[in-house]
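There are 4 protein chains.
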Amino acid sequence: MGWNNWNAFQCEVSEELLLQTAQYMVDFGLRDAGYNYIVLDDCWSSGRNDSGYLIANSTKFPQGMPPLISDIHALGFKFGIYSSAGVLTCARYAGSLGYEQKDADLWASWGVDYLKYDNCFNQGQSGTPKLSFDRYKAMSDALLNTGKKIVYSLCNWGNDDPYDWAQTISNSGRMSGDIIDTFNRPDARCPCTETIGCTWPGFHCSVMNILNKMPPLSPRTMEGYFNDMDMLEVGNGGQSDSEYVLHFSMWAMNSSPLLIGTDVRKLSPANLAIYSNPAIIAINQDKSASAAHRNWRYRVEPDEFGEGEISMWTRRLSNGDMVLALLNAGKTSLQMNTTLGEIFLDFPNLRNQTWDIHDLWANRMSDDEARRIIEERNVAILPNSTTRFNATAMSYEDGIKNNHPALMGSSIGLIEPGNTFEALVERHGVSIFRLKPFE
Amino acid sequence: MGWNNWNAFQCEVSEELLLQTAQYMVDFGLRDAGYNYIVLDDCWSSGRNDSGYLIANSTKFPQGMPPLISDIHALGFKFGIYSSAGVLTCARYAGSLGYEQKDADLWASWGVDYLKYDNCFNQGQSGTPKLSFDRYKAMSDALLNTGKKIVYSLCNWGNDDPYDWAQTISNSGRMSGDIIDTFNRPDARCPCTETIGCTWPGFHCSVMNILNKMPPLSPRTMEGYFNDMDMLEVGNGGQSDSEYVLHFSMWAMNSSPLLIGTDVRKLSPANLAIYSNPAIIAINQDKSASAAHRNWRYRVEPDEFGEGEISMWTRRLSNGDMVLALLNAGKTSLQMNTTLGEIFLDFPNLRNQTWDIHDLWANRMSDDEARRIIEERNVAILPNSTTRFNATAMSYEDGIKNNHPALMGSSIGLIEPGNTFEALVERHGVSIFRLKPFE
Amino acid sequence: MGWNNWNAFQCEVSEELLLQTAQYMVDFGLRDAGYNYIVLDDCWSSGRNDSGYLIANSTKFPQGMPPLISDIHALGFKFGIYSSAGVLTCARYAGSLGYEQKDADLWASWGVDYLKYDNCFNQGQSGTPKLSFDRYKAMSDALLNTGKKIVYSLCNWGNDDPYDWAQTISNSGRMSGDIIDTFNRPDARCPCTETIGCTWPGFHCSVMNILNKMPPLSPRTMEGYFNDMDMLEVGNGGQSDSEYVLHFSMWAMNSSPLLIGTDVRKLSPANLAIYSNPAIIAINQDKSASAAHRNWRYRVEPDEFGEGEISMWTRRLSNGDMVLALLNAGKTSLQMNTTLGEIFLDFPNLRNQTWDIHDLWANRMSDDEARRIIEERNVAILPNSTTRFNATAMSYEDGIKNNHPALMGSSIGLIEPGNTFEALVERHGVSIFRLKPFE
Amino acid sequence: MGWNNWNAFQCEVSEELLLQTAQYMVDFGLRDAGYNYIVLDDCWSSGRNDSGYLIANSTKFPQGMPPLISDIHALGFKFGIYSSAGVLTCARYAGSLGYEQKDADLWASWGVDYLKYDNCFNQGQSGTPKLSFDRYKAMSDALLNTGKKIVYSLCNWGNDDPYDWAQTISNSGRMSGDIIDTFNRPDARCPCTETIGCTWPGFHCSVMNILNKMPPLSPRTMEGYFNDMDMLEVGNGGQSDSEYVLHFSMWAMNSSPLLIGTDVRKLSPANLAIYSNPAIIAINQDKSASAAHRNWRYRVEPDEFGEGEISMWTRRLSNGDMVLALLNAGKTSLQMNTTLGEIFLDFPNLRNQTWDIHDLWANRMSDDEARRIIEERNVAILPNSTTRFNATAMSYEDGIKNNHPALMGSSIGLIEPGNTFEALVERHGVSIFRLKPFE
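Protein chains in written order, with the working numbering: chain B, 329 to 767; chain S, 329 to 767; chain V, 329 to 767; chain C, 329 to 767.
Source of the hints: derived by calculation from the structure; they are not laboratory data. Heads up, some of the hints might be wrong.
What the hints assert, rightly or not - Computed list of lysine to aspartate or glutamate pairs in EDC-like fashion (alpha-carbon distance at most 20 Å, straight line):
{"no.": "1", "chain 1": "C", "residue 1": "LYS458", "chain 2": "B", "residue 2": "GLU754"}
{"no.": "2", "chain 1": "S", "residue 1": "LYS430", "chain 2": "S", "residue 2": "ASP462"}
{"no.": "3", "chain 1": "V", "residue 1": "LYS458", "chain 2": "C", "residue 2": "ASP462"}
{"no.": "4", "chain 1": "C", "residue 1": "LYS729", "chain 2": "C", "residue 2": "GLU767"}
{"no.": "5", "chain 1": "C", "residue 1": "LYS458", "chain 2": "V", "residue 2": "ASP462"}
{"no.": "6", "chain 1": "B", "residue 1": "LYS659", "chain 2": "B", "residue 2": "GLU635"}
{"no.": "7", "chain 1": "V", "residue 1": "LYS430", "chain 2": "V", "residue 2": "ASP469"}
{"no.": "8", "chain 1": "B", "residue 1": "LYS659", "chain 2": "B", "residue 2": "GLU754"}
{"no.": "9", "chain 1": "B", "residue 1": "LYS659", "chain 2": "B", "residue 2": "ASP726"}
{"no.": "10", "chain 1": "S", "residue 1": "LYS458", "chain 2": "V", "residue 2": "ASP726"}
{"no.": "11", "chain 1": "V", "residue 1": "LYS458", "chain 2": "S", "residue 2": "ASP433"}
{"no.": "12", "chain 1": "S", "residue 1": "LYS458", "chain 2": "B", "residue 2": "GLU750"}
{"no.": "13", "chain 1": "B", "residue 1": "LYS594", "chain 2": "B", "residue 2": "ASP695"}
{"no.": "14", "chain 1": "S", "residue 1": "LYS764", "chain 2": "S", "residue 2": "GLU750"}
{"no.": "15", "chain 1": "C", "residue 1": "LYS764", "chain 2": "C", "residue 2": "ASP674"}
{"no.": "16", "chain 1": "V", "residue 1": "LYS659", "chain 2": "V", "residue 2": "GLU629"}
{"no.": "17", "chain 1": "V", "residue 1": "LYS615", "chain 2": "V", "residue 2": "ASP726"}
{"no.": "18", "chain 1": "S", "residue 1": "LYS406", "chain 2": "S", "residue 2": "ASP378"}
Using the sequences provided together with the hints, build the complete structure.
Printed below as a string of structure tokens:
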């Protein structure tokens with residue numbers, strides 16, 4: 329969890345942007361909600377020096393990297409940096425292919441905690457899993473050689489099936505082309521609609537496009553390795569509130585890294601409320617570390633983009649709770665329903681008990697509360713808040729153990745064997761529930 | 329033929345489970361029916377010792393492996409073990425990649441007779457047949473180097489087309505993603521519906537999904553190499569009796585290894601009857617060692633999962649008999665029919681003679697008889713039984729030569745050239761016949 | 329052109345079969361029609377001797393290979409042999425992988441003129457064009473090293489796109505899975521319906537299946553390299569007369585090697601007439617050496633196999649003549665039509681002249697004439713015959729130059745610019761015309 | 329920009345053809361319009377000499393290459409030559425595989441400025457990006473070693489995804505099989521209709537086929553590397569005027585190299601008018617160097633080839649102007665419309681201002697003017713012409729900065745936020761507009 333500048337700023341990076349953002353994240357309670365990585369994306373360098381080491385751009389970063397990173401650390405964050413497993417980065421700055429150890433050593437010496445490692449200009453070293461694996465392993469080895477703990481995040485867009493081989497060399501791997509801030513509009517630049525057999529991942533992929541590539545990959549999400557669905561777009565203006573809620577919820581439910589991808593300094597109350605929802609974040613942070621299963625999917629009347637579907641998703645949590653998502657990507661609001669038989673498809677033994685259903689968006693922070701946080705800054709997170717959670721003070725894991733009110737949503741009733749559960753789900757929206765065994 | 333713990337127990341393995349199961353298999357007559365391998369799947373080890381040799385988990389296997397294997401041998405079984413052609417097994421125990429000879433030597437020294445060799449965490453060494461072949465050949469060579477006869481069973485889920493290259497290095501190879509105990513429900517985690525061009529085999533594949541990937545592979549099933557459709561689910565509770573009959577019959581007909589995948593200690597009479605059917609096992613064990621051909625396939629009214637098809641399958645046996653399967657994966661029972669022209673599609677000369685049709689499920693063991701076996705244990709298999717066969721006393725090959733009544737099912741009449749043969753086939757069921765030349 | 333035993337006899341090969349067949353081919357005028365290769369397929373060997381050289385099976389070939397080959401040569405034929413670029417042949421005899429030079433040397437010493445080189449048991453050395461190329465080039469180099477001229481015919485079923493790389497190392501290459509003697513019945517064992525992107529060519533491919541994979545490959549047929557559509561099935565009993573006419577005609581039109589694949593000793597008059605049609609063979613032997621273009625294709629009412637299409641094909645010949653095929657793979661006879669604009673799609677300049685249309689099956693040998701040849705044997709081919717041609721006496725090239733009556737079919741009228749040409753084409757049949765410029 | 333002989337002359341090349349063409353291009357103002365490369369395609373050589381250097385065919389090029397190239401240079405052109413990354417060129421002349429440095433050195437010594445490098449007979453060195461990259465990089469290195477600046481143009485038809493790896497080794501790369509002079513007729517020889525997952529690019533690809541493969545590649549067109557859609561067919565007679573206008577416009581809009589592919593000596597007035605349109609060329613030469621985005625695409629009533637679609641394309645230019653194309657590949661003329669929301673899909677901030685719309689074909693040179701240029705030759709391009717532009721005198725970049733009347737088309741009105749813009753677009757035609765911010 330953290331923040332990455334790319335979606336909102338692309339190459340417009342600077343020391344000031346990073347420090348301001350970090351401060352706002354502290355002030356808005358986002359750091360304490362768990363967003364504790366500040367990741368600097370492409371365009372930060374200005375070539376290599378005579379010894380072959382990368383040089384930070386001194387205009388964008390006048391005090392240089394080590395002091396900046398110290399400042400970020402001092403604010404309670406870890407610091408992430410970016411490069412590409414190619415001769416150039418995607419924005420055509422110097423890449424790390426052939427310079428893996430030099431670059432890893434430099435970053436380690438700076439205090440870098442995290443590397444996002446892209447796939448551009450890779451000199452054709454792709455086309456079989458082996459070619460990609462070997463190229464990405466070179467940096468993995470280099471990072472390990474530094475002796476420092478540096479989180480290693482692959483960004484090769486799902487090329488050559490990283491979900492099949494990246495677990496032994498990295499901590500996460502992108503599984504799709506780049507996201508764009510749109511809910512479900514097809515885009516010719518993101519030609520793949522299925523994970524399988526697609527060799528040109530592209531970019532400008534919609535939330536639904538990425539989400540629907542996940543189900544076949546669910547067995548390959550595990551402790552220590554996450555399938556990265558790309559950074560969050562909440563706040564960038566391309567989607568409605570319900571669409572952003574869906575985007576955030578489904579990323580969380582699939583254990584995708586949650587990286588805020590917007591200008592935090594201008595966050596609206598509604599978007600702060602989305603990013604802050606502790607009941608959803610708690611799912612993301614659950615130590616089960618698994619992805620969701622799409623139990624069913626049906627076509628419904630298409631919307632203006634020709635798209636229309638509803639689906640039901642579940643995920644088992646480490647304490648035995650079950651998460652249920654009823655997703656409506658159709659043209660209108662719909663009454664959706666399901667049964668314990670469908671929900672516990674993979675767990676026949678659990679179908680015959682009664683479950684207590686908690687709506688995880690029921691306690692969404694009000695716009696008034698969010699506005700106060702934005703205006704007053706540093707509004708304390710009370711230990712009994714139902715809308716906010718201080719993960720710096722108590723881990724999500726402990727919060728769940730203690731049935732912390734901020735993490736449980738609100739109980740809306742029981743579902744018994746044989747019953748049908750119904751919910752009205754907004755157009756382009758999702759309802760998310762935590763089912764707890766009723767005793 | 330044998331038993332493997334995975335489908336029913338996954339990682340919950342122990343010395344006790346294996347020994348109890350072996351004893352039950354003896355007592356229920358399953359060993360004598362031919363199920364004479366006990367295979368221990370993943371999760372049995374606890375790392376490597378300083379010399380790089382695998383260590384058996386001493387909690388799960390307190391007396392250690394060699395004594396356990398001796399005990400299994402003493403009960404009249406061969407013993408199989410599991411590893412992966414990767415740095416980790418699928419459940420993230422130590423894998424054999426890079427340790428092939430050490431592991432093979434150890435297993436040989438223990439008396440292991442069989443290796444199931446998985447594909448997880450393979451360091452990207454896949455993507456062309458050559459990459460997979462070389463990786464799997466390393467273990468093949470290691471096993472051969474031991475000088476012991478160890479059956480080598482590949483489990484790479486059909487990746488890189490093992491049916492095209494594994495015959496020279498192994499005894500069987502999985503051709504699909506992992507089975508789940510369901511008849512035909514599509515599952516997003518098993519994205520491939522055809523063998524061809526599918527690079528992400530997944531898991532949670534239904535019986536019908538796996539079965540329908542077989543036809544293009546039929547020419548690549550041969551003496552010494554079987555296409556493994558994965559272990560049997562009969563008894564695990566996810567399918568109806570007719571679905572289990574179909575599952576068992578079609579696996580047998582395609583020469584897939586028959587590995588019981590359930591808790592034998594709790595076997596129901598109905599499921600014992602299925603596993604015991606000697607007329608079906610005789611097809612599986614026929615020395616023709618070939619797969620079935622799907623002569624035709626039509627769509628019919630879909631069931632609740634949107635699936636609906638009927639198909640007709642045949643397989644020529646080594647003695648000239650013909651097996652005919654009429655398969656109904658449709659919504660309701662159906663009257664199905666065929667002709668000698670269709671049945672002998674590949675054998676024009678055989679269309680013009682009269683055939684005697686034997687129903688291979690007609691003599692299915694009654695629930696009463698099965699219950700008695702389960703309760704009394706060690707009920708003798710009489711030489712003239714029509715429901716059971718003792719393959720320890722007489723091989724299936726000899727049984728067929730002698731027209732043993734347990735292997736022939738029951739004659740239901742003749743079919744003459746030009747006639748149409750009809751059978752009422754249950755919803756989600758199959759009728760299987762042995763056609764013998766009528767003289 | 330020649331004969332290969334596989335389609336009719338598979339492994340039932342012997343000295344006697346080859347010599348008898350050769351004699352019959354002489355007696356029936358087939359050798360003189362141009363069928364001057366006798367090719368012995370798989371199953372001829374019985375392992376290797378201590379020096380690593382292949383041994384011919386002495387039961388099947390009691391006098392040994394060199395004398396047999398001499399006999400074949402003495403009858404006016406070239407002799408072809410078979411092996412596989414694998415450790416075993418497809419029927420599991422010794423393969424040539426790793427023995428390329430030894431085997432080539434042996435065959436050269438025997439007087440072999442032609443090698444059919446298969447793809448079975450290739451140790452996974454496939455999956456990219458480079459892997460297949462390197463494997464097949466090893467034998468190409470070995471054959472060249474012998475100093476003898478040995479025609480090199482690849483049989484890797486289109487795997488890894490041989491049409492894209494085999495021209496520099498061989499004389500022909502199979503482009504599809506094995507043929508079966510059926511017109512258009514789909515078969516699950518031949519899963520590919522398009523050339524592109526299909527990785528599992530299979531076998532049991534119908535005539536129409538193979539034919540419709542050809543169009544994208546047409547630019548890769550050229551002098552010195554032919555796309556081999558597999559051996560002819562005419563005479564094997566699985567197709568009607570019009571289907572066999574279509575099969576033979578379209579193979580010829582696409583410059584596929586014409587290898588008789590039936591028992592010549594039992595050839596029917598109708599089938600002799602098909603194999604003998606000199607006007608069709610002349611197209612096959614035209615030195616343009618190119619493939620046909622499928623100018624258009626439409627779906628029509630499906631037949632009992634669910635198939636139904638019509639198509640129009642053309643091929644420009646070296647003397648400027650144009651071949652036109654109207655192909656009806658539909659359920660019933662159809663009146664088909666076309667225009668000069670369609671026929672000369674690729675040759676705009678030629679659309680505005682008048683063309684004389686010759687029906688190339690108009691002079692088909694009568695059953696009476698064919699029966700007389702079969703019964704009397706050695707019936708002389710008269711120089712002015714319209715039904716037979718002696719290519720031993722005059723090459724097809726010279727025959728065309730001289731407007732030999734046997735090569736031109738029969739003129740059925742003119743087609744002028746703007747006119748529509750019509751022909752009634754039988755169900756599952758083809759009409760083939762040679763268009764000559766009218767002056 | 330320039331001229332290449334292949335589309336019109338194939339192998340009929342000669343010194344005379346090149347010099348005449350160059351002179352005509354000067355005389356018609358085409359050189360000064362920016363077409364300043366004369367590219368000699370395949371068939372110019374006659375093997376290698378004893379030292380392994382290529383020899384120019386002395387019949388076709390009697391004075392030899394260096395003098396010819398000097399003459400071409402003297403006429404104000406750069407000179408391009410052709411070879412193949414294989415052992416033979418596509419027309420089976422000597423190829424450069426294994427001779428990279430020798431050939432590069434020779435061409436550099438001759439004064440060659442540009443290399444078109446084909447993909448035929450590549451010895452199977454393809455199938456993964458790495459195999460193709462390494463093969464093409466060999467020539468890239470060789471060209472760089474010469475110390476001369478030689479533009480390097482890859483022609484591997486999109487095989488192995490050059491758009492993913494060729495930017496670091498070349499200046500442009502073909503992204504599809506060869507073009508044929510047809511608008512949208514499907515052709516079995518060009519089997520790929522999508523960029524993705526297609527392994528057999530073929531040839532005889534229509535304008536619409538190639539165009540619709542571009543959208544997924546748009547992010548991989550950039551300064552220094554262009555996706556080459558193949559040479560222009562304008563003038564070769566296979567398309568209508570509106571189709572040629574579309575072909576030329578869309579190639580320009582996608583930054584494809586503009587290579588005249590017809591017999592310049594016989595250019596018609598209409599075709600000269602198309603090739604000369606400076607407002608369209610200015611888009612092509614815009615230093616944004618990017619490709620167009622296909623914002624939407626819909627099916628409409630099919631034409632006689634079964635094809636029918638309309639689409640809307642945009643491209644942002646370096647000065648902030650926006651290009652809009654409304655493309656009608658349907659059966660009849662259609663009234664098409666769009667909005668600022670659609671046009672500025674990727675630029676939300678720009679949707680809320682008013683834009684001045686310039687029709688870029690409004691000032692198309694009249695047939696009378698074009699006829700006069702063709703007849704009188706060397707008609708001066710006046711500095712204030714609205715129909716012609718002298719890029720030798722003033723760069724397109726400066727022309728745009730100065731709002732040169734020849735580059736701006738003609739303003740047809742404003743579009744304000746919320747308005748719908750409409751245009752009547754011809755059957756098989758396109759309307760192209762430059763939108764300038766209205767202040």
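- Task: Determine which of the earlier numbered hints do not hold for this structure and return their numbers in increasing order.
- Result: Structure breaks hints 1, 9, 10, 11, 12, 18.
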